[in-house]
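Participant: Here's the letter readout for the chains.
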Amino acid sequence: MNFRVLRRQTWLYLGASLAAFWVLVPIVFTALAAFTPKQDFYLWPKPVVPRRFSLDTMRFFLNTHGVLNSLLNSVWVALMTLGLTLGVGAPAGYAMARFLFRGREAFRLGILVTRMFPTALLAIPITVNFIRWGLYDTLLGVALIHTAMALPFAVIITTGIFLGVSKELEEAAMTLGCSRLGAFARVALPLALPGLAAAAMFTFVISWNEVFAATILTVQNRTLPAQVLTMLRVSPLYFRFAGGFFMIMPALLFMFFIRRYLFHMWGGATAER
Amino acid sequence: MAAEIKLQKVRKEFGKVVAVRDLDLVVRAGEFLVLLGPSGCGKTTTLRCIAGLERVNRGRVFIAGRDVTELPPARRGIAMVFQSYAVFPHMTVAKNIAFGLKMKHTPKEEITRRVQEVAELLQIAELLDRYPAQLSGGQRQRVAVARAIVMRPEVLLMDEPLSNLDALLRLQMRAELKRLHREIGTTTVYVTHDQVEALSLGDRIAVMRAGEIVQLDSPTQVYDQPATLFVAGFIGTPPMNFLTAQLQAREGGLGLKIGEFSLELPPAWQGKLGEDTERTLVLGIRAENIEVHAQPGEGRLPAEVVVAEPLGATQLLTVRVGDDILKVATDPDLPVQPGQRIGLSLVPEKIRLFDPDSEKALA
Ligand SMILES: Nc1ncnc2c1ncn2[C@@H]1O[C@H](COP(=O)(O)OP(=O)(O)OP(=O)(O)O)[C@@H](O)[C@H]1O
Ligand SMILES: [Mg+2]
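Protein chains in written order, with this note's numbering: chain U, 1 to 273; chain Z, 1001 to 1363.
Any given hint could be a false lead.
Below, simulated BS3-like cross-link-like pairs (lysine-lysine); rule was C-alpha separation at most 27 Å, straight line [to be verified]:
| # | chain 1 | residue 1 | chain 2 | residue 2 |
| --- | --- | --- | --- | --- |
| 1 | Z | Lys1095 | Z | Lys1108 |
| 2 | U | Lys167 | Z | Lys1102 |
| 3 | Z | Lys1360 | U | Lys167 |
Note that these hints are calculated values from the structure, not bench results.
Using the sequences provided together with the hints, build the complete structure.
Facilitator: Spelled out as structure tokens, the structure:
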């Protein structure tokens, strides 16, 4: 009797599986290649289950000069970007959602306009200025550029998030003894957390994946993508897989930990809105 | 516990819109005052001005004799129930109710005790561990009320708390709110645009229109002696009927002429209608104060039935008298057909007279 529901479910799961497959296959192959001993790497046809497991390639990659350092750099830059972007973007989004101020529409448009100019175009002036300001080849410099890239999205996303948290909830908190700030911290912020987590994830990944600015603006203090990019061009194939796997991993881990906030919506906070 | 609220020439503008127009109002300590009026007349804004959620443009707000005009909501000694309930979705019912007490750094044991107490009062004690998403609308509404009264506020503000409930539940909660007020005795300002709610709950009703209070009286007074045509036409189901009438001086008293029909006014009106005894007035009378006769006849106001609606306990007739349309309540067994000519007699004591220009009630 529930044939239609069943059929719809089947299609849904089929579609989801296909999408998951599409995303996962390259990751799996990358991972397999990264943990296959050098000698087995060129075997064909590839065994479905790897016959031997080896950390050699990974160890070699990690021990290569500059990799570990650039990994730490990447984490630092991404975290700085995250802090700066949400630190500036979330309050801006909150203001956009709550207050009617003169020039709000212009502001909204202005935010997007900053993304109009390709980074390549800005590379030279930015580099020149960064050298002048002593920001060239520093992690902070890279983080600032990444912040500039992520901020427009962060503002737009957080505006949407705070629009979703009813103003009356904050007002209720205020009538119950909270200050304006207290009401924000105790009510709006916890309710916005899942959305903010998504914004954070997005920001982190933007910074983590960004190559161009990071390559141009640094010499010694490379981030991982910049380091890997320059290094892998001259490396053997299995070594590239190890690098690729290493690039994917932190982003996956980050998503894994933040996922909880995305799904954990207090059994339907969205319905309340 | 209960405090007096005083609004002095309070004015609130939103750009060009004047939401509250120089409002003067005193809510007595312990009173249940209802703000009643059509949509957009400024009820919510008035309430929010008392709560401190809206900064007034002019005027002052006093609570318990204290000028609170510049104070934030947290320091006014008020609690509020919102139309949307505004129950915090990320907290359990217990946490929701305890929220305000926690903000005031009340000792833990006392919080637990008072939350339990108020939860029992509102019959939600078994829901304390649930999240709002797991509650029905009516239960959520109770949580919102519990969260407000657990604070033992000097003033309780409610903005259409029943409007999101279905009809049956609304009836039940209405009685419950009345009981609650009797038990806790807090000064309450209650906003609604439902006049039945207003009549049943209010010690007094403030009828608002376009940012002003047009009448502030007890429910019976507002119902029986509306101060203006607006109040008369807004309150009651159906609202008061209006007839164009000609005032006439006669020997031994005053009379009214409605078309060809003439009517003697009770002697009480003597001397209350001013010098000009030859002018046009608006006669107001409620549906239940008109007696219907199946036949026109001597001393009866002739009318023609337009629609007859049986409503169970009564029958509601829509009738035409001259150019005026009236609603008349009658016995459900009275046999009338659309188009039938009937006779009406008006209960003279229940007649209200209005000046058609100022729209104000006379006497
Ligand atoms: N934040 C605001 N910004 C601009 N105008 C507003 C704002 N709040 C209310 N108004 C306007 O003020 C007037 C009074 O609004 P208010 O909400 O007090 O009406 P109300 O009597 O509560 O109506 P309802 O019964 O529909 O709730 C309306 O004309 C409304 O459009
Ligand atoms: Mg309202």
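Participant: Hint by hint, say whether it matches the structure.
Facilitator: Okay, the hints, checked on the actual structure:
1. Annotation: proposed proximity of lysine 1095 (chain Z) to lysine 1108 (chain Z) holds, straight-line Cα distance about 12 Å (limit 27 Å).
2. Between the alpha carbons of lysine 167 (chain U) and lysine 1102 (chain Z) the distance comes to roughly 21 Å, so the proposed pair stays at or under 27 Å and holds.
3. Taking the CA atoms of lysine 1360 (chain Z) and lysine 167 (chain U), the gap is about 40 Å. The hint is violated against a cut of 27 Å.
Hint 3 alone, counting from the list given before, is not met by this structure.
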